[in-house]
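Top line first, the protein sequences correspond to chains P and D.
So the first sequence is numbered by UniProt numbering: it starts at 1 and just counts up by one.
So the second sequence is numbered by UniProt numbering: it starts at 1 and just counts up by one.
Any given hint could be a false lead.
Stated by the list, open to error - List of simulated lysine-lysine pairs, DSSO-like, C-alpha gap at most 30 Å:
1. P:Lys319 <-> P:Lys281
2. D:Lys105 <-> P:Lys469
3. D:Lys105 <-> P:Lys126
4. D:Lys322 <-> D:Lys194
5. P:Lys466 <-> P:Lys213
6. P:Lys485 <-> D:Lys327
7. P:Lys213 <-> P:Lys48
8. P:Lys56 <-> P:Lys214
9. P:Lys214 <-> P:Lys126
10. P:Lys56 <-> P:Lys469
11. D:Lys327 <-> P:Lys56
12. P:Lys164 <-> D:Lys296
13. D:Lys105 <-> P:Lys56
14. D:Lys105 <-> P:Lys48
15. D:Lys327 <-> D:Lys105
16. D:Lys327 <-> P:Lys466
Think of the hints as simulated: they come from the structure by calculation, not from any bench.
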Amino acid sequence: MELALAPETLARWQFGITTVYHFLFVPLTISLAALTAGLQTAWVRTEKQKYLRATKFWGKLFLINIAMGVVTGLVQEFQFGMNWSDYSRFVGDVFGAPLAFEALIAFFFESTFIGLWIFGWDKLPKKIHLACIWMVSIGTILSAYFILAANSWMQHPVGYEIDKATGRAELTDFWAVITQNTTLVQVFHTLSAAFLTGGAFMIGIAAFHLARKKHIPVMKTSLRLGLVTVVIAGLLTAISGDRLGKVMFDQQPMKMAAAEALWDGEAPAPFSLFAYGDVEKGHNTVALEIPGLLSFLAEDDFTSYVPGINDTNKAEQQKYGPGDYRPNIPVTYWSFRWMIGFGMASFAIGLAGLWLTRKKFMLPEHLRVGEDELPQLVPFRKALRPRFIRWYWLIATLTLAFPLIANSWGWLFTEMGRQPWAVYGVLRTSDAVSPGVSQGEVITSMILFTALYAVLAWVEVRLLVKTVKAGPPELTDADLNPPTKIGGGRDADQPMAFSY
Amino acid sequence: MELNDVWFVLIAFLWVGYFFLEGFDFGVGVLTKLLARDRTERRVLINTIGPVWDGNEVWLVTAAGATFAAFPEWYATLFSGFYLPLLVILLCLIGRGVAFEYRHKRPEDRWQSNWEHVIFWTSLVPSLLWGVIFGNMVRGVKIDAEMEYVGSLGDLLNPYSLLGGLATLTLFTFHGAVFTALKTVGDIRVRARKQALTLGLVAAVLVTGFLVWTQADNGDGTSLVALIVAVAALTGAIVANQMGREGWSFGLSGVAIAAAVAMLFLTLFPNVMPSSLNEEWNLTVANASSTPYTLKIMTWCAGIAAPLVMLYQGWTYWVFRKRIGTKHIADAH
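Next up, chain P with everything else stripped away, as it sits in the complex (with noise of 0.2 Å):
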């Protein structure tokens, strides 16, 4: 009992709790940014108000995320000063760099001009309006990129080295910090998949509307939108996965191992689809394996060596000192295949999605519908009833939970896989936590979080199901009639047309 509940432990949880909650607001903030800002820039280019009322839709809808991304995020910043102190003092020469880019380039980007977005439709006119949610949309991405460019220095330091004096990381290269191919890699990979996210995302909703024939032009839009962003976002989450699988195994080659339950070393390495192993002994007891293919992820040939878990244990004790340098296996074995799983079932969905609703010419004449008509979903129209084409609206509609699922398993995988580091191979997790604050104020701190996680998880919850529900709203004069300069030209007297 005393060990589950040390310091340590608790930090851990309190960590991954505020990671995974802050995690799932993430990917959908910077995927509908810049959805919205391509839906709001067809209106402006086309003036067609299907679109106008597609970006007031999902700019709500994205909103409503990135008022918790925001607040969740802030929890994340505090948190290493709070819990994690010690690792503070380590590498907040370098750590702390990238945070500070964060803030100062990102993060007053995106919170400005949100602002502006918000409250500026009666006030700026619609280029410069538009140009705000674009602004958005790169504050978002830089944001993500400077985050990531610090997590990736936690799985691969660089461009640092240990002060003999004082045992801290001191930054010697920033430039290798923020373009070492981890964290290339990291965001290549994590941006996709956020596009992944809010493509499913859109494709759940727009069926959930579709299926019961309303809003049809502007869902149809939506539909398409998401659909192609999930195929696109996800040919190139797996192409950015399988590279960052490449540079796993070369920098951590321990939790690449752990990844596949792989034990002892093997050339060729198969890949793993199911295992069930004695983590004491160090082998598994039933496995289910494609031959060679562990080794083409690894190296990209079928043959070469991938090391097991038992080899690289010895090797790190031989270069760390004596310990156990494994992972939990157990959950690096299954983030690593949830994460793919549905992340592939996402876009197989889409795949599919894509093809059934394709666009008018690709269809014999019959078929085709106009724009205020449900699409056919073409091979279901003939040969099987109604109820099929319920069931591909439902699958659809599920689609949007998938990606969130993939994510929270993919960021378990790359944090729980690096332990028994806080920073690989230089700071263990043990020596990372605040030696000043007690048990108590932790638990203390761990229940109020949760507890307020799960109350703004209900209150978001009912909020995104209402605004759902309650669809794209119709304009009004004062949508299609925008100010023509800054500052708004017309009548002060008017109502504002957003308020809070």
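Assemble chain D onto chain P, guided by the hints.
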């Protein structure tokens, strides 16, 4: 001037910016209970800060991030040492951000009034706690040779820092009242001006008391100048408010906040967190800072980004420069 001195000044500047800007939006949050008579008036108040509060809060994120990067030891000692007050502030800022964004998204009476309670309390509590935290930071707390805070929660609640808390609370609320008078039309503007007088007088007494106490404990010539500027500006703000010069009044209450925060940092320097146990164990700009290389990179970043930030944030205030009143509030929400 060494780069760590420059960064001490920059961090002081970020806190000045944070308290100047979020100071008035905290104040407006508190006034939703003190000043507004009904929901429409509360909405007018909330809308005066609607476009800007999020950008204001980023000054805090940046102050914390810059402290982490430029003075990791300061960041670590401060955040782990003041664990519980910072926890409460965090919980408040979470609730507050969500409240602003969610309150108007459903029309039900109960939904809206619940969020309005949240806005009031989550504006009031941090206004108070920031003063308590800064009071303790300036006064010195139990820091050992390892730079760890070894005191308890009780140590943080002493008369000096509690006075500091009341000083920031009343000062921010006054600043918010002046801002409300500047940004509204009609009945609210008149009442805001009246309340600003009362709040201003209370704030003047508490702030002067706190600053004089600070001066007596740790002050020198320069901090005395800052003290005089702060008190004079606060007096000027009250007078300008009475004369109906709202722009001047808001500017002066901002100067008062800036001078008061500057005074606290002046009394700190060259320490960043003095130890009450042993002067040898003080955290200073020298022993708590990052390496010159890190500071150099950060200086480049701040040198380019900070003026831009001020430029586009300033532009936001210009875009939303028009006063608003109850007639601007649509019935829909």
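Hint check:
For the hint pairing lysine 319 (chain P) with lysine 281 (chain P), the CA-to-CA distance comes to about 22 Å; that is within 30 Å, so the pair holds. For the hint linking lysine 105 (chain D) to lysine 469 (chain P), the alpha-carbon distance of about 13 Å falls within 30 Å, and the restraint holds. Under the criterion of a C-alpha separation no larger than 30 Å, the hint pairing lysine 105 (chain D) with lysine 126 (chain P) is consistent with the structure, at around 24 Å. Between lysine 322 (chain D) and lysine 194 (chain D), the direct Cα distance comes to roughly 21 Å. Compliance with the 30 Å bound is thereby established for this hinted pair.
Our distance criterion of 30 Å between C-alpha atoms is met by lysine 466 (chain P) and lysine 213 (chain P), whose separation comes to about 18 Å. For the hint linking lysine 485 (chain P) to lysine 327 (chain D), the alpha-carbon distance of about 22 Å falls within 30 Å, and the restraint holds. Annotation: proposed proximity of lysine 213 (chain P) to lysine 48 (chain P) holds, straight-line Cα distance about 21 Å (limit 30 Å). For the hint linking lysine 56 (chain P) to lysine 214 (chain P), the alpha-carbon distance of about 17 Å falls within 30 Å, and the restraint holds.
At most 30 Å may separate the alpha-carbon atoms for a hinted pair to count; lysine 214 (chain P) and lysine 126 (chain P) meet this at roughly 28 Å. Between lysine 56 (chain P) and lysine 469 (chain P), the direct Cα distance comes to roughly 14 Å. Compliance with the 30 Å bound is thereby established for this hinted pair. Note on lysine 327 (chain D) and lysine 56 (chain P): the hinted pairing holds, with a Cα-Cα distance of about 24 Å set against a maximum of 30 Å. Taking the CA atoms of lysine 164 (chain P) and lysine 296 (chain D), the gap is near 21 Å; set against the 30 Å cutoff, the hint holds.
At most 30 Å may separate the alpha-carbon atoms for a hinted pair to count; lysine 105 (chain D) and lysine 56 (chain P) meet this at roughly 13 Å. Our distance criterion of 30 Å between C-alpha atoms is met by lysine 105 (chain D) and lysine 48 (chain P), whose separation comes to about 26 Å. A threshold of 30 Å between alpha carbons decides the hint, and for lysine 327 (chain D) with lysine 105 (chain D) the separation of about 20 Å falls inside it, so the pair holds. This hinted pair checks out: lysine 327 (chain D) and lysine 466 (chain P) have alpha carbons roughly 28 Å apart, not beyond 30 Å.
Figure legend: structure checked against the earlier numbered hints; every hint is met.
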